[in-house]
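A.B. asks: Using the sequences and the hints, build the whole thing.
In order, the protein sequence lines correspond to chains A and B.
Those letters in the first sequence? Residues 1072 to 1443, per the numbering used here, in order.
Those letters in the second sequence? Residues 10 to 379, per the numbering used here, in order.
These are computed hints drawn from the structure, not numbers from a lab.
Using C-beta positions, here's what the derived DEER-type ranges look like:
no.	chain 1	residue 1	chain 2	residue 2	range
1	B	Leu168	A	Leu1352	57 to 63 Å
2	A	Glu1226	B	Leu168	35 to 41 Å
3	A	Leu1305	B	Asp126	29 to 35 Å
Just so it is clear, the structure is predicted and the values come from calculations on it, not from any experiment.
Note that beta-carbon positions come from the ideal geometry of N, C-alpha and C, so glycine has one too.
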Amino acid sequence: MMNFSDFIGNTDTVGVLRRMVEDQRLPQTLLFTGPSGVGKATLARLLTAAINCDRTPGDICGGCSNCLRILQADLSREEFAQQFAEREKLPSAKRVENPLVISTHPDFLVFPPDGPLRLITIEQARLLRAAAQFRPSGARRRVFLIDHADRANTEAANSLLKTLEEPAEALTLILTAENPYDLLPTIRSRSIPFHFAPLSVAEMERFLDARSDIRTTGRARLVGWSQGSPGRALALDLEAYGERREAMLALLRSALGTASYGDLVAQTDRLAKRRQERLDLLTESLYGLLQDLLHLRHGSSRLLIHEDIRGELTPLAQTASFEWIEGAVSRLAELDVLVRRNIQKQIALEALAVGLRRTMRAEAITGPESKA
Amino acid sequence: MELTVRKADLVKELSLGQGVVEKKTTIPVLSNVLLQAQDNTLVLTLTDLELGIRSSCQATVSKAGSTTLPARKLLDYVRLLPDAELSIKVSEKHSAALVCGRSRTRVAGMSPENFPDLPVMPAAVTKIPAALMADVVAKTISSVANEESRYTLTGGLMLLREDGLVMVATDGHRLSYIEASQAFEGISGQLKSLVPKKGMAEVMKLASEAGDSLMLDFATDENHLYFRCGERVLVSRKLTGQFPDYERVLPKERGDVLVLGREESLAAVRRVSQFADDRSHAIRLELDSGNLKLVSSGSEAGESEESIPVEYDGEKFKVGFNAQYLLDFLGAVESETVEFGLRGENGAGELRLPGADRYDYRYIVMPMRI
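C.D. replies: Right under this line is the structure:
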């Protein structure tokens, strides 16, 4: 059974929030922001249990029925993964009829993104509004967690606003988002923000030490690649990530002109054949590589995410100017938006490489400094 | 768990709870009924997290235990069985083997651990006559709002005083108010609670099944309302929020009171409303000395009018109402005549039953611009 002592990292944020719970001064809406997997939803769960624990209010006894049932709502558990997989197969009309909500305790409702496009839907927002009107059932305070609130579409976000504006009694809403600026400004202004930073290397090591279920081989790579996110470390398949990174490295090489397009096409072809491969996971490793290039280029002394291929990255970093990296990141951001529209993987990646190579050429003619 | 139970008993208790079973499948265990067997009783619990029902029936329990089985499926099947003893035996993985006569069935179940606990009913505050409870809900429930945007209106306000029971429901366009004089022991001051619409419907069901002479035990805590009738307990969560100040809506004066034949006016309004505007359902009431005219002219389909002779000799005036709201009242009450209080062109209409001895029952309809 998890407790606050098992929550690693972001100690200041945890401290502030715990004090709020102890003093029973919890605001109506909390917004947890930060990279995926750093424990936003986990802490939401712990706080809810602490608010409602029967035996030690303000802390978690881990034994009472409130604690037990609230802490069960861990969406990374096998049974939920199964439930989500089954939902993906349902026709969308069926999903509309049964908006997705996870509730292991009647007073703790979790609204995760739903469907193949992973969106918070208007039906979920309506369900939330309807559920908000009830008094708590067996708890002191009800908590609704909207996980990945940045994934709410416009209608859903507007519908949420109504609930945020008219706070129900004895209800706290917790919203999580990787980037607060993906949310409507009106939602942001109605919530108290808490930022969650990635864990330090030492904290990651401590986390991995505490988890006996994680294999010990490739520990250094795991720490680097998970980028300070325990959630990512748990979900990370080192082999698959390695392959994805190899493909993205080929993309970077062709984009920077150190390899031919032929190498790239071979790689993207392979990816396209694997239908399960998700484009957002590919862009994620590309972000990591670009971040490393930036650090190398500017001689930063910190550990790279991909420390294991520092030798390969160093020559690439010399060809990539700051402006080029900046341009690449913004192109990648555009691609991220398109991912939600279900675009074709192979074409998208090749277009990205070609587009980046073009900016490379343009820079070669005008010189990278002339922009400044 | 191993027991035998009479089929009829099981069907009776299972059907009582069907209104409570969650129809959505998002939380699978809520589609199930929790069965707990011990001390020669079978306890059935159903909940959708908003409402919960716990009831029990006699059974011969040879091995205590519990499981959860799909409520709908179980009822549909058991109903088809001949009226005899049914044996239920829970095997591995919470599934149950049902044997009745020559029929053998296995029903897949789910772990009872995930079934939410129903709160325990505290000591009863007072007793409410079942017939009275069923009646006040039946007379107000149609005014409860269905609109999800006005949450405090999606339930009825229940006020319990030492000398009476008040129930108020409104959707912003009409309001039902009923006050029944009755002495309630154990109440001091007033107990105020917002009952969700679904809760009202289930209380009505529980109370009307109880028979006229029975009493419901009533209890409440911060978050719940409890109604107990024999072995059956209905738990409803309270709604949050502020119910509108209904006392300001109740007209102080009755205005011009017309006495109308209920069936006659019901039929007239129904006919005229056929030609009312499809969206607003607005009809016009034109009052002249000795005559009430109902007119609809809102739709392209045509116009319609009816005249009803009334005792009236005041000023001429016209007022518009939503025909559907009038029909809801006229169709739901049982009496020879109704009293329709009108207060000029912009005044709300007030419907009452004549000589209402037991209750103070009022139905207020807001006027429409026509």
